[in-house]
Amino acid sequence: GAGVSQSPSNKVTEKGKDVELRCDPISGHTALYWYRQSLGQGLEFLIYFQGNSAPDKSGLPSDRFSAERTGGSVSTLTIQRTQQEDSAVYLCASSSGTGTFYGYTFGSGTRLTVV
Amino acid sequence: RKEVEQDPGPFNVPEGATVAFNCTYSNSASQSFFWYRQDCRKEPKLLMSVYSSGNEDGRFTAQLNRASQYISLLIRDSKLSDSATYLCVVNRFNKFYFGSGTKLNVKP
Chain A
1 GAGVSQSPSN KVTEKGKDVE LRCDPISGHT ALYWYRQSLG QGLEFLIYFQ GNSAPDKSGL
61 PSDRFSAERT GGSVSTLTIQ RTQQEDSAVY LCASSSGTGT FYGYTFGSGT RLTVV
Chain B
1 RKEVEQDPGP FNVPEGATVA FNCTYSNSAS QSFFWYRQDC RKEPKLLMSV YSSGNEDGRF
61 TAQLNRASQY ISLLIRDSKL SDSATYLCVV NRFNKFYFGS GTKLNVKP
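Taken in order, these protein sequences are the chains called A and B.
Residues 1 to 115 in our numbering are what the first sequence lists, from first letter to last.
Residues 1 to 108 in our numbering are what the second sequence lists, from first letter to last.
None of these hints come from the bench; they were simulated from the model.
Quantities reported herein were computed from a predicted structural model and do not represent experimental measurements.
The reader is advised that the hints may include incorrect statements.
Unchecked claim - Below, a sample of chain A positions facing chain B; criterion: calculated Cβ distance under 10 Å:
no. : residue
1   : Val4
2   : Gln41
3   : Glu44
4   : Gln50
5   : Gly59
6   : Val89
7   : Ala93
8   : Gly103
9   : Ser108
For glycine and all other residues, C-beta sits at the position ideal for the given N, C-alpha and C.
Turn these sequences into a full structure, and let the hints guide you.
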């Protein structure tokens, strides 16, 4: 596609439920990142996929968080047993190659509200 | 110590003013540098890369000082539409580190 697509754009869920967030990166982009941004805060790195390499999961805040990337393209971020502190905007970004010198493109995010 | 530090602002300036933001980074092995712009409730968008030699894009000039580990962004002739949060971003071994942003308000 023309840009990074994320769905849903908004999600309200009850505490304790599981949620799945989807990211469809720019076609051909090998690197994919998940970040989250709480209200008025900076971006917090969650996880990074590069090609077929093992993902860098060092930013996942707890074992309730997991992510996968199927076929080197679409990625899903799953949050199990959601808590109120999980409420944030979850942003996905992709880049060609490693993105080291080109930066990357963000999707418009999924706004998650846990009630 | 944070990887990337920025003054949160806000910087309140009149239209037409020149404004400069600085950002410092803690790891000398950092490889590439960027400025992103984020509008309220929107995703960050790449504004410009930052090169050691300095680079300019219209009213925007970015500078990198590796010795002192800081990056700057200069905006000349500010427009109302420049009002946003400016994020300093550093890349090291494929991991991007974001500053928490500097808020700019350009007033008529």
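Right, here's what the structure says about each hint:
{"no.": "1", "hint": "Val4", "verdict": "holds, 8 Å"}
{"no.": "2", "hint": "Gln41", "verdict": "holds, 7 Å"}
{"no.": "3", "hint": "Glu44", "verdict": "holds, 8 Å"}
{"no.": "4", "hint": "Gln50", "verdict": "holds, 6 Å"}
{"no.": "5", "hint": "Gly59", "verdict": "holds, 9 Å"}
{"no.": "6", "hint": "Val89", "verdict": "holds, 8 Å"}
{"no.": "7", "hint": "Ala93", "verdict": "holds, 8 Å"}
{"no.": "8", "hint": "Gly103", "verdict": "holds, 4 Å"}
{"no.": "9", "hint": "Ser108", "verdict": "holds, 5 Å"}
Comparing the model with each earlier hint shows no violations; every hint is respected.
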